[in-house]
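Colleague: Starting from the known structure of chain U, arrange chain V on it as the hints suggest.
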Amino acid sequence: MLINLLKRLWLIMRTPSSAAMGFILLLGFSGGIIFWGGFNIGMELTNSEEFCGGCHAPIVAEIQETIHYSNRSGVRAICSDCHVPHNWTDKIIRKVQASKELVAFALGTINTQEKFEARRSHLANREWLRMKKNDSQECRNCHQFKYMDFSEQGRRSVKQHSTALASGDKTCVDCHKGIAHRLPDMSGIEGW
Amino acid sequence: MKKRLIALCIATLITFTALPAMSVTQDLTSNNGGVRSLRGLVEISTTNKSEMLKRVPREQTLIDRNYVQQPPIIPHSTRGYYINLNVNKCLSCHSFKNAGEMDAPKISVTHFEARDGMMLSDVSPRRYFCLQCHVTQVAAKPLVKNTFQPVKSLQ
Numbered sequence: 001m002l003i004n005l006l007k008r009l010w011l012i013m014r015t016p017s018s019a020a021m022g023f024i025l026l027l028g029f030s031g032g033i034i035f036w037g038g039f040n041i042g043m044e045l046t047n048s049e050e051f052c053g054g055c056h057a058p059i060v061a062e063i064q065e066t067i068h069y070s071n072r073s074g075v076r077a078i079c080s081d082c083h084v085p086h087n088w089t090d091k092i093i094r095k096v097q098a099s100k101e102l103v104a105f106a107l108g109t110i111n112t113q114e115k116f117e118a119r120r121s122h123l124a125n126r127e128w129l130r131m132k133k134n135d136s137q138e139c140r141n142c143h144q145f146k147y148m149d150f151s152e153q154g155r156r157s158v159k160q161h162s163t164a165l166a167s168g169d170k171t172c173v174d175c176h177k178g179i180a181h182r183l184p185d186m187s188g189i190e191g192w
Numbered sequence: 001m002k003k004r005l006i007a008l009c010i011a012t013l014i015t016f017t018a019l020p021a022m023s024v025t026q027d028l029t030s031n032n033g034g035v036r037s038l039r040g041l042v043e044i045s046t047t048n049k050s051e052m053l054k055r056v057p058r059e060q061t062l063i064d065r066n067y068v069q070q071p072p073i074i075p076h077s078t079r080g081y082y083i084n085l086n087v088n089k090c091l092s093c094h095s096f097k098n099a100g101e102m103d104a105p106k107i108s109v110t111h112f113e114a115r116d117g118m119m120l121s122d123v124s125p126r127r128y129f130c131l132q133c134h135v136t137q138v139a140a141k142p143l144v145k146n147t148f149q150p151v152k153s154l155q
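Order-wise, the sequence lines are chains U and V. So that you can map any letter, position 132 of the first sequence is 132 in the numbering used here, and since no number is skipped, the others follow by simple counting. So that you can map any letter, position 18 of the second sequence is 18 in the numbering used here, and since no number is skipped, the others follow by simple counting.
Source of the hints: derived by calculation from the structure; they are not laboratory data. Worth double-checking, as some hints may not be accurate.
Taking lysine-lysine and the DSS-like style, the derived pairs with C-alpha atoms no more than 30 Å apart in a straight line are [said to hold, decoys possible]:
#1 U/Lys159 with V/Lys97
#2 U/Lys159 with V/Lys152
#3 U/Lys170 with V/Lys141
#4 V/Lys141 with U/Lys132
#5 V/Lys54 with V/Lys89
#6 U/Lys133 with V/Lys89
#7 U/Lys133 with U/Lys159
#8 V/Lys97 with U/Lys133
#9 V/Lys141 with V/Lys106
#10 V/Lys106 with U/Lys170
#11 U/Lys146 with V/Lys89
With the rest of the complex left out, here is chain U (with noise of 0.2 Å):
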């Protein structure tokens, strides 16, 4: 019965379709949009900010009091801005390790605030560890060290951006933490 099914599947993928070359490309095409542009679409939700304020809700209030939501110029960033890498592989790579957060969600191990302050030394201190490896990479793509001009910043930033950020020594992270959220406890944090 089985081997009845699969012989005649296989004759069907072996046998050249009798439907127009041009008909079977168009499904090809249609098909690929169809799924790779659902994909993106799917990629592109769990980026919004409604999608991690349904978790993190608290966390995402609280970029409300800082430069990041509400400045001069109306131009902001949202978590994903920061959290999940743009470059396509890395974006990718970050989604799959993020699956790991879906257990956390299920097991409920933040969702209280109690719970979530218990936890935010330990998650501030992942999350940095990561920009650290990248070099900032999430800060850089929108703050270009190379397009900085230094008559515009203020002596303390000239200071420490023409030297240790300039040599590669520190990275972004290094001194703004807590730029976005508050801080955990910084006791034993390099520079506090």
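Modeller: Frame of chain U, contents of chain V only:
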């Protein structure tokens, strides 16, 4: 029956005469008598127009004290600086440990003194909240004319 009706009438009369009288006294207490205060010519009972928020000038240098005990004024913006159980943003530059590297004025050792006069090895909890005494200097004109003169030693 009649008595009850009369009592009801008197009660209504009292309520209607008393109500306006009460509102009159309210007006009287909120009347500022035409005196122009710092909040303008606005009755206390009404909300006055708020001032524009003052901006913090960039590139300010150290601001001299006007009297010896004055907590030094902050010459930079402190927007988004958190001072809580987890973190004290001010001390990330002004602490004994970081002041040298950050080229920032060091916190005075007087801040290490606890209530009972004992010297601690770090900032005393009663001096932890910097903005309680130190404030940011904004670009604002004095509200009233001030003739205060610092002592000779500070002039």
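Colleague: It remains to establish, for every hint, whether it holds in the given structure.
Modeller: Each hint tested on the structure:
no. : hint                   : verdict
1   : U/Lys159 with V/Lys97  : 19 Å, holds
2   : U/Lys159 with V/Lys152 : 37 Å, violated
3   : U/Lys170 with V/Lys141 : 41 Å, violated
4   : V/Lys141 with U/Lys132 : 45 Å, violated
5   : V/Lys54 with V/Lys89   : 22 Å, holds
6   : U/Lys133 with V/Lys89  : 25 Å, holds
7   : U/Lys133 with U/Lys159 : 24 Å, holds
8   : V/Lys97 with U/Lys133  : 27 Å, holds
9   : V/Lys141 with V/Lys106 : 29 Å, holds
10  : V/Lys106 with U/Lys170 : 24 Å, holds
11  : U/Lys146 with V/Lys89  : 29 Å, holds
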